[in-house]
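One line per chain: the protein sequences are A and B, in this order. Using our numbering, read the first sequence as starting at 1274 and increasing by one per residue. Using our numbering, read the second sequence as starting at 31 and increasing by one per residue.
Certain hints may be false.
[Stated by the list, open to error] Reference excerpt, derived from the structure (chain A facing chain B, CB under 10 Å, subset only):
(1) Arg1304
(2) Glu1452
(3) Asn1457
(4) Ile1462
(5) Leu1477
(6) Val1480
(7) Val1482
(8) Val1490
(9) Thr1493
(10) Val1506
(11) Gly1588
(12) Ala1592
[Said to hold, decoys possible] Over the 10 Å line for every Cβ pair with chain B, so calculated as not near, a few chain A residues:
(13) Phe1297
(14) Asn1300
(15) Arg1320
(16) Gly1327
(17) Thr1371
(18) Arg1422
(19) Thr1440
(20) Leu1458
(21) Leu1460
(22) Leu1461
(23) Gln1539
It should be emphasised that the hints constitute simulated quantities derived from the structure, not laboratory data. Heads up, the beta-carbon is just placed ideally off N, CA and C, and yes, glycines get one too.
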Amino acid sequence: MSRDRLTLGMIVGIPLMQMIIFGFGINNDVRHVRTGVVDLAGTQASRALIADIGASQVIDFVARPRGVEALRAMIASGKIQVGLYIPPDFERRRIDATRPVAQVIIDGTHPGVEPAVRAIASAPLAARSGLQRRARPTIEVLTEFNPERRTAVQVVPALIGVILNMTMVIFTAIALVRERERGNLELLIMTPVRSVELMIGKLLPYVAVGLIQTTIVLLTAVLLFDVPVNGSVWQLYLGAALFIAATLALGLVISTLASTQFQAMQLGFFTLLPSILLSGFAFPFEGSPRIVQYFAQVLPLTHFVEILRGVIVRGATLASLWQPLAKLSVFLVLAVTLAATRFHKRLD
Amino acid sequence: MSAPDLAIEAQGLTRRFGSVVAVDDIDLSIPRGRIYGFLGPNGSGKSTTIRMLCGLIKPSSGTIRVLGLEMPRQAEILRRRVGYMTQRFSLWEDLSARENLAFMASIYTLEARHAAQRIAAAIAEYRLQEFLDRPAGTLSGGQKQRLALAAATLHEPQLLLLDEPTSAVDPQSRRDFWESLFALTAGGATILVSTHYMDEAERCHGLAILHLGHIVASGTPSQLMQDLPLQVVEIEAADPTAVRAALRGLATLRSLAQLGLRLHALLAPQAGPAGASAGASAGAPGDGVAQVRALLAQAGIVATVSKAAASLEDVFVGATLSAGATPH
């Protein structure tokens, strides 16, 4: 065992790392949900209401768009998950018991967020100035993009990413190791082909494979689970191609680390579990500690889940999703570079 | 001091793997346009040396110039001028022969028309037509080898490095293979081949015998056979086992191999301890024969004893024996 340091490391280090990451990371407590606020009233009472809602740790106000349109656009692009709208006639509504004083718009595509925010919004808080004696809920809650609150709408689009991640990483993780085992690599190294060319050559054909797989999964999502595709399909494919390339590049890095196909498979699976648990696919990652959130940022799936929910469910355009796209691109470039430098054209 | 007529020059070439010294202080000067052989058993350092020469592994110390290029610094430039055939068949087994050739041509970025022309020439030269569209994995050993050689020479390399190219090939294919190698040298290529087959080694223009990481003998095969410091004695007897027993006490005996009813003995030129210097080998040629005759007569064994010419195998056995006997 001491002769195989990678396996030793995997036996000892990986469970430890996983316990720490997952123990802290998997969390159903929703906290620090990114929220935008539009306060068209601008009165003392409206500011008091905003401060009051913000006092619960569930919501963090991170943006102050100018109007409701901008607020909705930010939700669609995934920059915020919740919007708080206080209309200009807030003061009049305060004394009119039949009308809600404000509106909370929740992005229904994320698991866990909707119930937590709904609870905050509809809590009969005594502290809410001048609102105590009202009969109806004071804040109207709207669940956007998933009004029926179906789990399928939250899970199935993101599942496309999970499934692609599963297959793609293993494809390339094995690719180089297999060629090394079969002796092809010794021959390739002796040719003028450059490391980067070799890496890109390994990557491109599998992108096509991944896009075929995307089609299969997407058709199933639409036909079987009745998931609406609100955004543009070609933009979805563009995002998918980038994600596929990024996961393939991750596989290539693994391929330069592993010395046998078995090791490559194992390493591949070890990257898969954090991707599933921490990407926001199954659990809201707003609740987890900072360090775990940073870790999740490294995973391509985190960004692709964002893109998938944005384009498929919220009908967002890629332009508005430039942030996750940029992060995926950075990941792709770094991973290919790392794989190419780690793969020096020598045998020792 | 790089001579232009040398394809490979190396001085003090050494490679350690941990505490093991795989190649120990080797000097090489291999002329252009020749077939040069590395003869040695497994683990003698042949593959390691070849891999250092082409930049696949870094030497621990020593200098190398291949085709005038300093290795491993200029390894990338060398790649275009060198062809390499590995011990194992290392083309893609799930591609057809034709696809493998096309792929290699594109790897070497041969221009399309030139590539088609080279591939057509290779198909004719190495008789690939009959299995051109079969997956390479289903080919026989000889066919695979023809394909591998065709692939390694598509880009017309000036130097061809062959690492035990004929280990998985029948004798006829081996003969054909060597014909192809001579044709390549006639075209100006230099070939470095490693082998553990004597008949192959004998075909080389020049030869280095490797043992435990050292070059224990080098020269042309005929020169090596001529200069062998040991005497070769052949003994033919009805009971070879008895002869073995009788010769056991012979202090000059270095090796005894049985070939049917014949025994093939290698004798040091003069009686003495096993480490006797080979330099003092000017003893009379009949010495060994006389010694053996005397011993056998003493034991009452009837046998024909005669002096024989050294074969390359004798050279090999002699070289590895004396090297192995030197105290470490």
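Evaluation of the provided hints:
1. Arg1304: violated, 52 Å
2. Glu1452: holds, 9 Å
3. Asn1457: Status holds, d = 5 Å.
4. Ile1462: holds, 6 Å
5. Leu1477: violated, 14 Å
6. Val1480: This hint is violated: Val1480 (chain A) lies away from chain B, its Cβ roughly 19 Å from the closest one there, beyond 10 Å.
7. Val1482: violated, 16 Å
8. Val1490: violated, 27 Å
9. Thr1493: Violated: closest Cβ of chain B sits about 30 Å from Thr1493 (chain A), beyond 10 Å.
10. Val1506: violated, 34 Å
11. Gly1588: violated, 44 Å
12. Ala1592: Where the cut-off is 10 Å and the nearest Cβ of chain B is about 38 Å from Ala1592 (chain A), the hint is violated.
13. Phe1297: holds, 41 Å
14. Asn1300: holds, 47 Å
15. Arg1320: Nearest chain B Cβ is 67 Å from Arg1320 (chain A), so the label holds.
16. Gly1327: Given that every Cβ of chain B is farther than 10 Å from that of Gly1327 (chain A), nearest at about 60 Å, it holds.
17. Thr1371: holds, 74 Å
18. Arg1422: Non-interface label on Arg1422 (chain A) holds, nearest chain B Cβ at 50 Å vs cutoff 10 Å.
19. Thr1440: holds, 20 Å
20. Leu1458: For Leu1458 (chain A), whose nearest Cβ neighbour in chain B is about 8 Å away, the distance does not exceed 10 Å, so it is violated.
21. Leu1460: Nearest chain B Cβ is 4 Å from Leu1460 (chain A), so the label is violated.
22. Leu1461: Violated, since 7 Å does not exceed 10 Å.
23. Gln1539: holds, 25 Å
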